Amino acid sequence: SQQGEEDPQALSIQEGENATMNCSYKTSINNLQWYRQNSGRGLVHLILIRSNEREKHSGRLRVTLDTSKKSSSLLITASRAADTASYFCATQAAGNKLTFGGGTRVLVKP
Amino acid sequence: DAGVIQSPRHEVTEMGQEVTLRCKPISGHNSLFWYRQTMMRGLELLIYFNNNVPIDDSGMPEDRFSAKMPNASFSTLKIQPSEPRDSAVYFCASSPTGLLPVNKEQYFGPGTRLTVT
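Sequence lines, in order, name chains A and B. Residue 30 in this note's numbering is what sits at position 30 of the first sequence, and the numbering runs on without skipping anything. Residue 32 in this note's numbering is what sits at position 32 of the second sequence, and the numbering runs on without skipping anything.
Chain A with its partners taken away, still in its complex shape (with noise of 0.2 Å):
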């Protein structure tokens, strides 16, 4: 079962707009990881925010946590086309098994 649901699950903008997704998940965690996939590539780890943190950034990246509503966003912002790709969060709870989300889709624009 998926313990992340990301929304939305498919997302178009043009370059150097800001791109921003959502993740919902059901039950307490450790921390939510985002990662990253080309086509036909793996999946490549962008950032992890800790269950008592409410903000992170990275590069031109920005997750918020809300454990409360059991929600994160991942925002990145002035998008280029090469970030086109799908996004995945992904919640970790007790040991180190991490639970994936759907994903969602971003096709930037040149």
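What the hints contain is simulated information worked out from the structure, not anything from laboratory work. Certain hints may be false.
Said to hold, decoys possible - Heads up, simulated DSS-like pairs for lysine-lysine below, C-alpha to C-alpha not over 30 Å straight-line:
| hint | chain 1 | residue 1 | chain 2 | residue 2 |
| --- | --- | --- | --- | --- |
| 1 | A | 70 | B | 68 |
| 2 | B | 78 | A | 97 |
| 3 | A | 109 | A | 97 |
| 4 | A | 56 | A | 70 |
| 5 | A | 26 | A | 69 |
| 6 | A | 56 | A | 97 |
| 7 | B | 78 | B | 68 |
| 8 | B | 68 | B | 24 |
| 9 | B | 68 | A | 97 |
Said to hold, decoys possible - Sample of chain B residues at the chain A side, in silico, Cβ under 10 Å:
| hint | residue |
| --- | --- |
| 10 | 3 |
| 11 | 35 |
| 12 | 42 |
| 13 | 43 |
| 14 | 50 |
| 15 | 52 |
| 16 | 55 |
| 17 | 56 |
| 18 | 64 |
| 19 | 65 |
| 20 | 72 |
| 21 | 74 |
| 22 | 89 |
| 23 | 106 |
| 24 | 108 |
| 25 | 113 |
Claimed, not checked - One-sided and incomplete, this derived list gives chain A residues near chain B with beta-carbon spacing under 8 Å:
| hint | residue |
| --- | --- |
| 26 | 38 |
| 27 | 39 |
| 28 | 100 |
| 29 | 105 |
| 30 | 107 |
| 31 | 110 |
Since we're looking at a predicted model, the values are computed, not measured. Cβ coordinates follow ideal geometry from the N, Cα and C atoms, glycine included.
Since the structure of chain A is provided, determine the placement of chain B on it from the hints.
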């Protein structure tokens, strides 16, 4: 570092044949994960190992699937006999060593695209 290495990258086989997928994790990582990705079911965890010991195999679809990790640098996922519904991309991932397993990111290999006809 070469990253997680998987072989083969593509595999086409006929129904009923045995398929073996291979994975070499990043050196020093003590956790290894096998995932399956399909359009219908998304990314599913099949099994994971800590220090070469299987910890959770609840995602293994059925007895036709088996996984081994004979040492810290090698793991296999075997399907015998294979069926068309096993067609998917299979990913191996590894995670760094730490005192506690939590709060660790995973590093994915490029995947093996399996087609069973």
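State the violated hints by number, sorted upward, taking the hints as numbered earlier in the document. 1, 3, 15, 18, 19, 20, 21, 26, 27, 29, 30, 31
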